[in-house]
Amino acid sequence: MYSKKVMEEFSNPANVGVVEDADGVGEVGSTIDGDIINISIKVKDNILEDVKFKTFGCVVAISTSSAVVKLAKGKTVDEAMALTNEDVISYLDGLPEGKDRCSGFALDALKMAINDYIHKNK
Amino acid sequence: MYSKKVMEEFSNPANVGVVEDADGVGEVGSTIDGDIINISIKVKDNILEDVKFKTFGCVVAISTSSAVVKLAKGKTVDEAMALTNEDVISYLDGLPEGKDRCSGFALDALKMAINDYIHKNK
Amino acid sequence: MDHSATTPVDSLVVDAMLPFFSEIFGNASSLHSFGTEAAEALSLARKQVADAIGALPEEIIFTSGGTESDNLAIRGVVPFNEGKKHIITSVIEHPAVLNTCSFLESLGHEVTYVPVDVDGIIDVKVLEESIRKNTAIISVMHANNEVGTIQPIEEISGIAKEHNIYFHTDAVQSVGKIPVNVDDLGVDMLSISSHKIHGPKGVGALYVRNGTNISPIVFGGNHEKGMRSGTENVSGIVGFGKAMELAAERLSEDSVHMTRMRDSLISRVFDTISDVRLNGHPSKRLPNNVNMSFKYAEGESMLMLLDMQGVAVSTGSACSSKSLKASHVLSALRIEDEFIHGSLRMSLGRENTMDDIDHMVDALQETITKLRAMSPLADR
Amino acid sequence: MDHSATTPVDSLVVDAMLPFFSEIFGNASSLHSFGTEAAEALSLARKQVADAIGALPEEIIFTSGGTESDNLAIRGVVPFNEGKKHIITSVIEHPAVLNTCSFLESLGHEVTYVPVDVDGIIDVKVLEESIRKNTAIISVMHANNEVGTIQPIEEISGIAKEHNIYFHTDAVQSVGKIPVNVDDLGVDMLSISSHKIHGPKGVGALYVRNGTNISPIVFGGNHEKGMRSGTENVSGIVGFGKAMELAAERLSEDSVHMTRMRDSLISRVFDTISDVRLNGHPSKRLPNNVNMSFKYAEGESMLMLLDMQGVAVSTGSACSSKSLKASHVLSALRIEDEFIHGSLRMSLGRENTMDDIDHMVDALQETITKLRAMSPLADR
Ligand SMILES: Cc1ncc(COP(=O)(O)O)c(C=O)c1O
Ligand SMILES: Cc1ncc(COP(=O)(O)O)c(C=O)c1O
Chain A
8 MYSKKVMEEF SNPANVGVVE DADGVGEVGS TIDGDIINIS IKVKDNILED VKFKTFGCVV
68 AISTSSAVVK LAKGKTVDEA MALTNEDVIS YLDGLPEGKD RCSGFALDAL KMAINDYIHK
128 NK
Chain B
8 MYSKKVMEEF SNPANVGVVE DADGVGEVGS TIDGDIINIS IKVKDNILED VKFKTFGCVV
68 AISTSSAVVK LAKGKTVDEA MALTNEDVIS YLDGLPEGKD RCSGFALDAL KMAINDYIHK
128 NK
Chain C
75 MDHSATTPVD SLVVDAMLPF FSEIFGNASS LHSFGTEAAE ALSLARKQVA DAIGALPEEI
135 IFTSGGTESD NLAIRGVVPF NEGKKHIITS VIEHPAVLNT CSFLESLGHE VTYVPVDVDG
195 IIDVKVLEES IRKNTAIISV MHANNEVGTI QPIEEISGIA KEHNIYFHTD AVQSVGKIPV
255 NVDDLGVDML SISSHKIHGP KGVGALYVRN GTNISPIVFG GNHEKGMRSG TENVSGIVGF
315 GKAMELAAER LSEDSVHMTR MRDSLISRVF DTISDVRLNG HPSKRLPNNV NMSFKYAEGE
375 SMLMLLDMQG VAVSTGSACS SKSLKASHVL SALRIEDEFI HGSLRMSLGR ENTMDDIDHM
435 VDALQETITK LRAMSPLADR
Chain D
75 MDHSATTPVD SLVVDAMLPF FSEIFGNASS LHSFGTEAAE ALSLARKQVA DAIGALPEEI
135 IFTSGGTESD NLAIRGVVPF NEGKKHIITS VIEHPAVLNT CSFLESLGHE VTYVPVDVDG
195 IIDVKVLEES IRKNTAIISV MHANNEVGTI QPIEEISGIA KEHNIYFHTD AVQSVGKIPV
255 NVDDLGVDML SISSHKIHGP KGVGALYVRN GTNISPIVFG GNHEKGMRSG TENVSGIVGF
315 GKAMELAAER LSEDSVHMTR MRDSLISRVF DTISDVRLNG HPSKRLPNNV NMSFKYAEGE
375 SMLMLLDMQG VAVSTGSACS SKSLKASHVL SALRIEDEFI HGSLRMSLGR ENTMDDIDHM
435 VDALQETITK LRAMSPLADR
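Chains as they are written, first to last, in the numbering used here: chain A, 8 to 129; chain B, 8 to 129; chain C, 75 to 454; chain D, 75 to 454.
For the record, the hints were derived by calculation from the structure and aren't laboratory data. Every residue gets a Cβ at the ideal spot worked out from N, C-alpha and C, and that includes glycine. Check the hints yourself; a few may be wrong.
Claimed, not checked - In silico PhoX-like cross-links for lysine-lysine, where the CA-CA straight-line distance does not exceed 25 Å:
| # | chain 1 | residue 1 | chain 2 | residue 2 |
| --- | --- | --- | --- | --- |
| 1 | D | Lys159 | C | Lys299 |
| 2 | C | Lys444 | B | Lys12 |
| 3 | D | Lys121 | C | Lys159 |
| 4 | B | Lys12 | B | Lys51 |
| 5 | C | Lys399 | D | Lys299 |
| 6 | C | Lys235 | C | Lys399 |
Claimed, not checked - According to the in silico footprint, chain B covers these stretches of chain C (three or more CB under 8 Å from chain B):
| # | segment |
| --- | --- |
| 7 | 370 to 384 |
| 8 | 407 to 419 |
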């Protein structure tokens, strides 16, 4: 039911962890929901030099986390903020119907982290 | 579902026909019901010397006709009148449940034939 | 020659089913790969069934057979038609439809049973006149299982559409014998049974046109999009799908073959046996159905003597354990008393040959001769 | 290790079924000898099923599976209890029971859902107190499909009898794993599903004690003494009969074998993995059921990683397409948030070996380690 790409990102996720001395951190979800996504970023010269995630959750939560992190890494802050859910889904070659709810969480966490960075650097 | 004996009597019925110069004739059923049993008898010295049947009807109608005729043949008039439905059914090693309705017709036809004989000879 | 009762499972169908017993035995609802394989097999079968009748896969609900499909169609529509408590059907439907209707009558619904003419064709005028403001559904079978008469479904579905009433047809006997296309027929729902088309028993489908709202009649784990709960009979459904594919592929060949055998059987019986009549419509009939009545010979007795000669047939005249009455179909066709007790249905299948027809005619002659010799009626 | 979802069909069962596809393919309702052979095969299967549960053959109604059996039991009783519109069941029943109950609620019936304790045992006192004058039926499952907890059926059936209320149990998961005897259990009705005991999918039975009046839920040609219409799935029923016979024969051996594997699996998981709990009753549980929750690891993710290692399991914590919620069973057991999203059901079968247990434990360790390394919760 999941695309090959989803299963790849899920079973071999890159960039797991927490960036040291993070410039921004975002976290979405709760144990009650059963999904927690934590994304931390390191920004240098307006570029997301390092991005990492830690995720407790289902296949979609983990694979979208991994995808979002890969998509964001190396982008400028503005470029990363412009990422859409569709970008994530198309990067993963699609998600099964009904899984859209979880699919936005990772992106939310990334944007939270970027906002955290922007806020701190105002 | 039918006993071997039923199928035997049904597929190789003996004594089919009408006794010539019958001393008594009995007929039960109608085309509306879909079962007609005709039994004719020849009586000599109070003994049913010859008994024959003609039957239009189902497996039970034909096999009970054949059985009744065999049971009656050679018996005295009183003995034949004393034949019961159970005698017929046990001669046939039983009948399937729900087939009891048809099972009495042949015996009815025999008794009608005997009554016809008695009536004629009063 | 009792293919209308059931058919042997095609060997290609058995082959398709076998892996799903012990290799690919997963539950199609399971998330792991064993389950996924089963789910994929169901998808393929759904497409095979849909393609064979010109439908979309999502319009197919798998059921446990034709009977359940008929129940689901009629009872499924009722709750969505609050206040619409009237149903129109015909007097010659299969018990799956008729007994569903009587059940609904016991719940307070009203049912009109439209009569048929002596050939078994429904009286379309009476049908149209019996439409009421509160008619929820019209259900008329495509082809009759006893006498093989084919109904003017396009005409009836047109009337239903005009009045905005759901239309269901029981196509259990017609699929695989004549073209069955849901758009050509103009139906909203259509019942199919696997074991009538060389598939396994205990599987069937209800076609439900997109946009037709029905509610389920079996409740549970919401399989089949909630329309039919219960762990799917994967091997059975796979076999059914294959059987539908084969039926569609072979339809034109099969129907020519069966029509030829049918017509030969009918004409040879007429040529060699006296006091006989054909029941059902002379031309608007299934290519595989021969239903004839013989005077002075009773149905069950003929059936049993033929069985001894290796020929399987059925009769609507059975002095069966359940009732002495002739079938509701033969009665509805107003067949005379002398003929009604002596009916035989000889239903042909793909694998029958002209040799079987020869054997059938011979066996029939012997049987009729024997029974007529025994009958007190024959010489009157 | 997902035998509670479904089981492979035993090769002896497949062998028993095969002749009924293309050799003995008759319709059991046909009068001729092809039909008779099919009817005899059904009789044998009926006896096999009856014998396995200490019932009489005439008390067995064949259905299309456990779901339909549950529907038939509960909905079948209702029409015979005019005015009795109250049903008692438990909160942890299978959806086949729960959704049948909600359907009846939508028709105006009242349902009491009795709670369970943290081990999943029904609160018998609450059950007894909830009995009303108009209670028509009590339905409590024999063993739960998710957590394997076995209910005190004898006690509940005694209460039902005292109050003259019909008692039904869903024994779909218990048959073949623990002794199931209708007299010992004291039940009026009992549901069985073939595919849970190495029989084919799409077949099941409802045991109905003689003297228990129920009405059908599928209408048609009055098969199964009118209690379940539809051409019988002969091959499926034959396979089911054989599977029941084998299940009864092998019960004591199977249950010892499964219990040993179960206990070994549980203790080894506790020994090697931290932050884990056993869901369901520690001792009153099916010999084949292990249901454990792992902190900091989510159900679906565990399932998928295990699947990649060739191990099939299920989870009541699925972030499934249908809902994000944990299963109603885990919720009813009041399992803490940290554990409820990380449950796995590992259900053993006859053909599993201690090697499978080794592999399961290894795969589980690897899976948990991997997921915990990813979890933001693990190091807080
Ligand atoms: C016209 C018709 N409808 C419905 C059915 C019932 O289908 P099934 O045998 O799959 O229950 C049959 C066959 O028995 C049939 O001939
Ligand atoms: C306890 C229980 N009841 C009923 C069912 C439904 O049976 P079936 O899968 O045959 O529809 C199942 C299995 O899914 C079950 O585990």
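Consistency of the hints with the structure:
1. For the hint pairing lysine 159/D with lysine 299/C, the CA-to-CA distance comes to about 29 Å; that exceeds 25 Å, so the pair is violated.
2. With a CA separation close to 19 Å, the supplied pair lysine 444/C and lysine 12/B stays within the 25 Å bound.
3. Of the supplied pair hints, the one linking lysine 121/D and lysine 159/C is violated, its CA atoms being roughly 42 Å apart against a limit of 25 Å.
4. Pair hint lysine 12/B plus lysine 51/B does not hold up; C-alpha atoms about 30 Å apart against a cutoff of 25 Å.
5. This hinted pair checks out: lysine 399/C and lysine 299/D have alpha carbons roughly 19 Å apart, not beyond 25 Å.
6. Pair hint lysine 235/C plus lysine 399/C does not hold up; C-alpha atoms about 37 Å apart against a cutoff of 25 Å.
7. With 9 residues having a Cβ less than 8 Å from any Cβ of chain B, the segment 370 to 384 of chain C passes the three-residue criterion, so the hint holds.
8. Restraint check on the segment 407 to 419 of chain C versus chain B: 4 residues with Cβ-Cβ distances below 8 Å, three needed, restraint holds.
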